[in-house]
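**Student:** The lines below spell out each chain.
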Amino acid sequence: MRHTLSKLLGPISAVLVILTIWLGLFVTPPDVDQGELVRLVYIHPALAVEALYASVGMAALCSALYLWPRTRSMRMDRLAASAIEVGVVFNILTLVTGSIWGRPTWGVWWTWDARLTSTALLLVLSLGYLALRRVPAEPHVRARRCAIAAIVAAVNVPIIHFSVVWWQTLHQGCTAICPGLTYKIHGSMGWTLLLSFVAFTTCFAWMVVSRYRIDVLRDSGHDGALDDALEARRSEGVPS
Amino acid sequence: MLRDALLVAGRDLRIEARSKVALWQVVPFSVLAMILFTFALGPNPAALTVSAPGFFWIALLFASILATQRSLSIEGSQATRESTRLLGLDPAGVFLGKVGALVAELVVIETILVGGTVLLYHVAFRNWLLLVASCALAAIGLASASVLYGSLAGGDRVRSTLLPILVLPVVAPVLIAGSRAFVAAIGSSGDGGRWVAVLAVFAIVYSVLGIVLYGPMEEI
Amino acid sequence: MLRDALLVAGRDLRIEARSKVALWQVVPFSVLAMILFTFALGPNPAALTVSAPGFFWIALLFASILATQRSLSIEGSQATRESTRLLGLDPAGVFLGKVGALVAELVVIETILVGGTVLLYHVAFRNWLLLVASCALAAIGLASASVLYGSLAGGDRVRSTLLPILVLPVVAPVLIAGSRAFVAAIGSSGDGGRWVAVLAVFAIVYSVLGIVLYGPMEEI
Amino acid sequence: MASAIHLRSAVALTGRFPVLAGVDLDLDEGSVLVVLGANGAGKTSLLRLLAGLLALQSGTGEILGCDLSSHSRHVRRRVGLLGHDVGLYDELRPLENLTFALRAGRLDPALAAPALERTGITGRVAETPLGQLSAGQRRRVGLALLIARRPRLWLLDEPHASLDAPTRELVGELVEEAARAGATVVATSHEPELSVPMADLVATMAGGMIARMDLGGRQVFEGGD
Amino acid sequence: MASAIHLRSAVALTGRFPVLAGVDLDLDEGSVLVVLGANGAGKTSLLRLLAGLLALQSGTGEILGCDLSSHSRHVRRRVGLLGHDVGLYDELRPLENLTFALRAGRLDPALAAPALERTGITGRVAETPLGQLSAGQRRRVGLALLIARRPRLWLLDEPHASLDAPTRELVGELVEEAARAGATVVATSHEPELSVPMADLVATMAGGMIARMDLGGRQVFEGGD
Ligand code: HEM
Ligand SMILES: Nc1ncnc2c1ncn2[C@@H]1O[C@H](COP(=O)(O)OP(=O)(O)OP(=O)(O)O)[C@@H](O)[C@H]1O
Ligand SMILES: Nc1ncnc2c1ncn2[C@@H]1O[C@H](COP(=O)(O)OP(=O)(O)OP(=O)(O)O)[C@@H](O)[C@H]1O
Ligand SMILES: [Mg+2]
Ligand SMILES: [Mg+2]
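Residue numbers (numbering that gives the first Met the number 0), protein chains in the order written: chain R, 0 to 239; chain P, 0 to 219; chain U, 0 to 219; chain Z, 0 to 224; chain L, 0 to 224.
To be clear, the hints were calculated from the coordinates, so they are not data collected in a lab.
Please read all numbers here as calculations on a predicted model, not as lab measurements.
Among the hints, a few may not be true.
Unchecked claim - If you want the footprint, here are the derived chain U segments under chain L, 3+ residues with CB under 8 Å: (1) 10–18; (2) 74–84.
What the hints assert, rightly or not - Just a few of them, taken from the derived set where beta-carbon distance is under 8 Å, the chain U residues facing chain P: (3) F28; (4) L40; (5) L65; (6) W127; (7) V131; (8) A135; (9) P163; (10) V169; (11) A171; (12) I175.
Where a beta carbon is used, it is the ideal one built from N, C-alpha and C, also for glycine.
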């Protein structure tokens, strides 16, 4: 059952995304003051939310579950890793789409708006996690370390967010607009916006699942490989 | 737990007292960093006084990273880490002990940096209470976060490069809150209390996280 | 000498290719540093653009220190250093080799930092030639100085804290000249050539110093 | 006698490599096991597994009644390990090192001095930071720590290596004493002529497994009288 | 025969401590010297002095015709040292390590493979980064490097330590070969029964000096036939 579901996830998300794009590009009207650019609203926010909340939240959850002795299993470790990895992709996409949006709207690629800054910080945080994963260590040790790192990162996200928001809003001479509140949403736009969130969430889920799958396959390949390795190791004893 | 903490703190401080690394290397570094920043801005005093608080805190951040490097390299080699684990110390105690020792060193560094800010950047602090409070809380927060995260980074060789990228994003809030609190302490704005609160939250969150998570980390 | 240099550079780059430390740890760090600096200033574009050049160079300095840490920790343990000395490599060659490998890494970091400055700090470079020249020369100068001084700093454990305080004062000129050259490259002042000259002198002096002094340093 | 070590088809990995490929081992408390085997056979890995420093990938393990996978911390507290590299603090003097370790284990720090005395770490050497001592002197300090801690399970990785003649004999005595006092000893060795006489059992490892078990000199000797 | 080692009242310090307190030593090329002595007697320090890694505080020293104080670089290039800790690169594989060392010494990299072959570093082990090898395997690689480099002066610090039986015999063969080929060998040891037979001369160190000199097994043997 779970299998078939995760199998369906791919096609579903594909369809939804395509639908979103179609609606976004051809059905919904351009915005009065933002023009065609507004169509980015069907991609960017959804991406951003996945990057910010979905990935970190999921990673933290799985990590906590890993550290909890009852639910400890390599599955959780893998899931957390996949979540962060996909999250990095979404994060970068958020930055890119955001910048593309920002260039015409703000006249700059980047501004020190609170949200932008915390997104960037989160990206570095996730990169740190991935760097930690690369440090060679025994599987359990690495899983534990990374679980802790992920939890710390998750706890840190709100702290960063609020401090950055206050820092930014409290500081004079900040020119950055708070995006999203600048225009009213027409009916069709509302639906499409909603759809976009659903679409990218499924997309995110699908990517995580398949990333996880790849990992499992690799390691199950390695389980097969483990038996071979055990054989090889044992045969080292036999004097040749 | 507490006696283990004292034991570990004692060990770290004794080793520091013998090698004087923090004193002879980390402190000069932090002062040096402050000077470099002035170079970066180029010669205009106005800009300097504006960004003085920020520079203080960046210098502190980098200095704290060096201090952590050193404090963790006490159990740098794999063999040392393992045999320390065989001693059956309470992980929470180990964490608190290392944090304690590190806080002590950071406080020294902060004092000198404050002096530096006053002398080099011509900053006059009005609200000293605010200053002291934020420094103290920041020291605790920085120490906890770095020890917790730094211990993840494994052996000396890896850590020297991995630690900064791991810890710096985590302690970014300290930088922000700290500099804002300083701006308040200098007197140009009045919302210092709120930023001290941020620092306090940070300190509490990470010391608790450390006490809780250090155990699992010690396991294999 | 040259074939020794190539040999050593090959070894260092292979080890880097295997461990990818520079890629995964140093590069993110440099970007991170840029973000942190803006926190110091607060998000006020005007001030930012003014001090952007300086920040670029400070970030580069710190990044180069991390890169050096890593590059030197290849001969981290006393035993490794000694047995490497027993191989009868030409010291000048060893120096050039390590510098070469380090320069390669630094250039990558610089490229990314330049990108960062343009995107994050909204700096528009007019004079790209100036930019490239100063970056290249700075890379050589930084690498030479850090390798020369870093090798003085001894084993891993000591170095991680000793290196910064040794190297930073030495490379302060790079910071100054570099930032001035950038200011020129941005176009707000016209004396870029002079600062590039400073960088060139620095690079030459320290590579020569290294080639000359690395031998005696290897002696006991 | 109670069982000190109980391993069933224990597999352990470092990275992806199975350093231990299914080890079965049973040892009673108070007995001495010597582990022989070629380089890379898995001796050190076995000791690290027994010390709770290496995770059990599959199979079961019980040390001094504690399960290896679930209670590794209890295991670690009860064992003493003398590895290829004694993991002590280079900056601290031998005495300071031992005192710290004893305090950590809630033992009497006064035990440190006599232990060092016994391994001949006295006078100037006792005053020198560990990092500056010679290879053999460092191992002696490691040995002294075991004497002072009196763990219930001694894990000795090539205890004779880089020790001089008198200290080599001391190793034999210490093992015998520990065993008589009811502790269990597992020692790897490349010098059968020194190690086998002090053993009840001799295990020969090969390819990450225990290839064969023989009786050691100690057993025979006791059978002798 | 030409003199390989010529030390007169050689004194060497580490920190303020005189690890070598006046060593007199003469050794001809092609002969084998085994150095015995208690822990901390100064054996390792002597080897490091001979390798040009430890500065001569006072006294004179000449190695293979090069003066120790003025030409230590020439000395270093000509000697091969197997220390307590083989200083090779943990990230590189055995073969890569040897190839690098050989290239550095302007020798033929092709010498690496057979040398590793001889010390039994083959198959999977040859493909594993050095840092993950077992203690003995690492020392084998160090040995292989000596085989490949064929230095004129071999300095072996406890060559038998942590090697398994077959490799221990190999050490003896290698020393004999080297000596026959005209190289000079100085080996420290805590295992007289293994080391004395392969020695022309046996020096016993104590307190940073050579306390006594005896003839070794090799000499006697050659006298024998
Ligand atoms: C690099 C530039 C940008 C980044 C990193 C960025 C990042 C983000 C993030 C993280 C969110 C989710 C915030 C949350 O849900 O708490 C978000 C939402 C949003 N962003 Fe951006 N953004 C960027 C540029 C822009 C620009 C230029 C616009 C339009 C002018 C824009 C419009 C929006 C809108 C409409 C939302 C969703 C509604 C909302 O949450 O307020 N963003 N962005
Ligand atoms: N990551 C790895 N990849 C490949 N092989 C590995 C890895 N880690 C360890 N090994 C191998 O596992 C074995 C480790 O065994 P161990 O260190 O226990 O040997 P040992 O019996 O103690 O040998 P020695 O007598 O030399 O001490 C070695 O053969 C080593 O090559
Ligand atoms: N800085 C120092 N301060 C005091 N003593 C020192 C210092 N450095 C070295 N020593 C002493 O010098 C001696 C070093 O001798 P060395 O390492 O050559 O011994 P060794 O003969 O190799 O011993 P082993 O058989 O254990 O290898 C040791 O006794 C050590 O305690
Ligand atoms: Mg071993
Ligand atoms: Mg020695």
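**Student:** Taking each numbered hint in turn, which are not upheld by the structure, reported in ascending numerical order?
**Tutor:** 6, 7, 8 and 10
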